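> Protein chains in written order, with our numbering: chain A, 1 to 343; chain B, 1001 to 1343; chain C, 2001 to 2343.
These aren't lab readings, by the way, just hints derived from the structure by calculation.
Since the structure is predicted, the reported quantities are computational estimates derived from the model, not experimental observations.
Cβ coordinates follow ideal geometry from the N, Cα and C atoms, glycine included.
Misleading hints may appear alongside valid ones.
[What the hints assert, rightly or not] Away from chain B, derived, C-beta distances all over 12 Å, residues of chain A:
(1) Glu5
(2) Glu21
(3) Lys27
(4) Glu42
(5) Pro46
(6) Phe62
(7) Lys130
(8) Val247
(9) Ile254
[As the list claims (entries may be wrong)] To be clear about the criterion: a stretch of chain C counts as covered by chain B if any three or more of its residues have a C-beta under 8 Å from a C-beta of chain B, and this derived list gives those stretches:
(10) 2059-2071
(11) 2135-2142
(12) 2177-2189
(13) 2327-2335
Okay, here's what each chain looks like letter by letter:
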Amino acid sequence: MRLSEISELLGTVLEGNPDLEIARLNKIEDALNNEISFLHNEKYFPQIDTTEAGAVIVPSNFKTDRDISLLKAENPYATFTKLLIFMNPEKPLVKSGINKLTEIDNSVQIDENPAIGAFVSIGENTRIGKNVVIMSNVSIDRDVTIGDNVLIYSNVSIRNGSVIGNNVILQNNCVIGSDGFGFAMQNDSQYGKIPQVGIVILEDNVEIGANTVVDRATLGSTIISKGTKLDNLIQVAHNVKIGSNTVIAAQTGISGSTKIGNNCMIGGQVGFVGHITVGNNVMIGAQAGVNGNVKEGSVVTGTPVRDMTKQRKIDASLSRVPDMIYDIKDLKKAVKALEEKSN
Amino acid sequence: MRLSEISELLGTVLEGNPDLEIARLNKIEDALNNEISFLHNEKYFPQIDTTEAGAVIVPSNFKTDRDISLLKAENPYATFTKLLIFMNPEKPLVKSGINKLTEIDNSVQIDENPAIGAFVSIGENTRIGKNVVIMSNVSIDRDVTIGDNVLIYSNVSIRNGSVIGNNVILQNNCVIGSDGFGFAMQNDSQYGKIPQVGIVILEDNVEIGANTVVDRATLGSTIISKGTKLDNLIQVAHNVKIGSNTVIAAQTGISGSTKIGNNCMIGGQVGFVGHITVGNNVMIGAQAGVNGNVKEGSVVTGTPVRDMTKQRKIDASLSRVPDMIYDIKDLKKAVKALEEKSN
Amino acid sequence: MRLSEISELLGTVLEGNPDLEIARLNKIEDALNNEISFLHNEKYFPQIDTTEAGAVIVPSNFKTDRDISLLKAENPYATFTKLLIFMNPEKPLVKSGINKLTEIDNSVQIDENPAIGAFVSIGENTRIGKNVVIMSNVSIDRDVTIGDNVLIYSNVSIRNGSVIGNNVILQNNCVIGSDGFGFAMQNDSQYGKIPQVGIVILEDNVEIGANTVVDRATLGSTIISKGTKLDNLIQVAHNVKIGSNTVIAAQTGISGSTKIGNNCMIGGQVGFVGHITVGNNVMIGAQAGVNGNVKEGSVVTGTPVRDMTKQRKIDASLSRVPDMIYDIKDLKKAVKALEEKSN
């Protein structure tokens, strides 16, 4: 594909050789002279001097002394994504229609154009929207509602009563609607199980990572709101509410009844205690331990969480502590000597 | 249902309006005037003043100035649970009998009243007790023993030789009996696999969370004792022994051959090194790093673990460390000046 | 089996009773007088005085005053492993051949001697080597390549395009090739999905633990090199490269595009930020937070990571910090008094 054709497709401003033939996309550090790449984050701008890419998608105000073909875009990352989709047309994941080796209850309602793979089981009264893709070995229990254009990868488990919106993507082996972790000490000093009779609601455009678990509510609903994206191996406990357009990295765990706001960015391996509220637009560093409410717009990290700048200062200072013990000992001795002398 | 009927059912003492019609249960902060809730933890007692619940189950010695119907119980949480079960009769999870789309070896023995879903595979010589429910896409290997009244959710994997007691619940996609992580450096500087020939034993009334993994022993058994409950995404390594009535929150990891006592409460994302012993009645805070033995009755947290009160003091003091560096510098200067002056 | 026969089988030097009858292997602390055990790690050598084992495999230069039968070997652990394999001949995991209750596309090529269980689904153009064992409920998508002697346990998901080498072992419910976590903020303030068109490559002799996730690359490949072993519940993000003969313990998470070297040993629950490089022969302690490049041969731990000896000193010193605050206060007062006196 000629660079001029690509530029036209993407609506970018071309500076350089319109006749350059581009074979495919690649990362800036690996790209060859028949490949196109992009630069979005300022941190990586210096790579313009070393890349062997034939062309690079860059921000509109990007400048370089190097003689290299550029496509200028307002949002280089989104523009690159558009090209990526165009140049990698998806092969169908599973054959159109419903595989014969499935177990689908007679009461199940499935709208037009399904693609359902082998060994899929769907329980009573479940309703499934149109254009839904369900890969093999998926188990969907009774009374589940699934919207349109949903994509469910293999070995996913969806428990009874779950409500799943439109355009939701569930990565492999994730679990939606497992029991919350609720037990009450009985009079015989044994734990008795608290029935978990609530449900899970995943709103439109949510994505759930591989092996992530979203527990059903004890009563009411565990809710993940519109456009929120969860990475792999995340734990979402009963009655948690997560706002919209929030992204959470892998292996983070959110304890019961905690509320997280909209547009948050949460690192990996973070832990949240239960029954707290985290405001909108909060950023939380990886491995943080969130032990209380976090105000809207905060940028925090550490265990327990503190303002990120403050925590970084503490981290930097800790290597001094062993020496400080000796310093204080020496100071005490010196002060004592001075005191004795002055008496 | 009238409040007087509910009180009679639960064996509680009613103070208030016996004719109140209760439609359902709800959490104290969400309940409406035709709903019943409960208060168990003192921390939440003040919510009696703001709740819109029609009635509240409270401890026997609970007092309030507010005019609200109360049901007094010795153990409000357990009493509420009893009502929850009564008012939410379970719909069957899977049809009674054995689905035809299963692969069950001829040598398998299944006692009366099974409910086994589609795409379940059960290997040679496995024995299954009575009233067992096995949801779809569960894989049970050869030589497994499963007790009575066991409930296994979809996509669970149970490996050969595992022994599972009565009333055990396995949440979706958990793994029982995968290989322990054991490798020996060979003379060719490659890792050779140590065969993992031991088994897993889950005693009666154990519950295992979604996507949790319990590895088989290298030799002998990995054991989880009676009544112990594991949350989601937990790692239990080879030859670990966990006592009875211990609860462990999500994403905790226990390294090989470590022993944990009875009646412990362990937070989420805790890590245990291998080959250590944790006594009975121990409490461990979330994200702790347990790097050595822990004595019976200890309450610890932090990495490495310390007494909880001590750790909280350290946490509170750390924000002072950056300033302490300057303080010590200033003190050294001042002491030096004094010393010079005094000479 | 007589001890002399065992010694001959293993090629060890026998000191003690050649006629001793050995029934089985056991751990040194549990072994009885008709059982054989081993001692490899010096830390456990004192157990030679208390073990009830009939015989013990020990290093060639091992010495004891106790009268107990010994088998001397260069590498006791590897020698014990050899005996373990000999005395525990494996029963077949799944019947030879291909189960009828499978869904295998006509275009799939399977080499000689497969053992494929029930409810296995294999997509278009996938190629499978010889002597491959695939347990029940495994889902393998289209365009996958699987080498010889591969062992795949139940409920594993392998996504399209994955390349899996010879002798690879995939423990239950792990996921190979799920989407990387990549989203770009669109002009409408919603996250748009970046297509993940790369693949996963697992080289020969790799083992992947239960419920571990290896994400596909955005572009190019996520690579785990020859002989590397991953424990359970690990997260490997898109475009990560892990070298050969590296071992990683459970619940560790590696963020996107990070490179880890050969022969590394990485503890459990470690977190790596993205886009960093960890050299060869690095050791990283459990729960560490790796926030930057790590040089070849380093031994580090803590969050953020530091040299292990240094971090241990800091850990030991932290309990003094609360008192140091008072010490500094006292010192300031004392110095002030001295200064006033001296004026």
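> Taking C-beta pairs only, is Lys27 of chain A more than 12 Å away from all of chain B?
holds, 31 Å
> Confirm or reject the statement that Glu5 of chain A sits farther than 12 Å, beta carbon to beta carbon, from all of chain B.
Non-interface label on Glu5 of chain A holds, nearest chain B Cβ at 46 Å vs cutoff 12 Å.
> Could you check that no beta carbon of chain B comes within 12 Å of the beta carbon of Phe62 of chain A?
The assertion about Phe62 of chain A holds, with a minimum of 38 Å to chain B.
> Compute the least Cβ-Cβ separation between Ile254 of chain A and chain B, then decide whether it is above 12 Å.
Ile254 of chain A is in fact no farther than 12 Å from some Cβ atom of chain B, at 9 Å.
> Once the closest CB in chain B is found, is it more than 12 Å from Glu21 of chain A?
holds, 45 Å
> Cut-off 8 Å, C-beta pairs, minimum 3 residues; does the coverage of the region 2177-2189 of chain C by chain B stand?
This one is violated; 0 residues, fewer than the three required, reach chain B with a Cβ under 8 Å.
> Would Lys130 of chain A pass as off the interface with chain B, using Cβ distances and a cut of 12 Å?
holds, 24 Å
> Would you say Glu42 of chain A is clear of chain B, with no C-beta pair closer than or equal to 12 Å?
holds, 29 Å
> Can you take a look at whether the region 2327-2335 of chain C is actually covered by chain B? Rule is 3+ residues, C-beta closer than 8 Å.
Three-residue rule met by the region 2327-2335 of chain C, so holds; n is 4.
> Pro46 of chain A clear of chain B by more than 12 Å, beta carbon to beta carbon?
Pro46 of chain A is indeed farther than 12 Å from all Cβ atoms of chain B, at 32 Å.
> Using C-beta distances, would you say chain B covers the region 2059-2071 of chain C, given that this needs three or more residues below 8 Å?
violated (count 0)
> Within the region 2135-2142 of chain C, is the number of residues with a Cβ closer than 8 Å to a Cβ of chain B three or more?
holds (count 3)
In the structure shown, a violation is registered for the earlier hints numbered 9, 10, 12, in ascending order.
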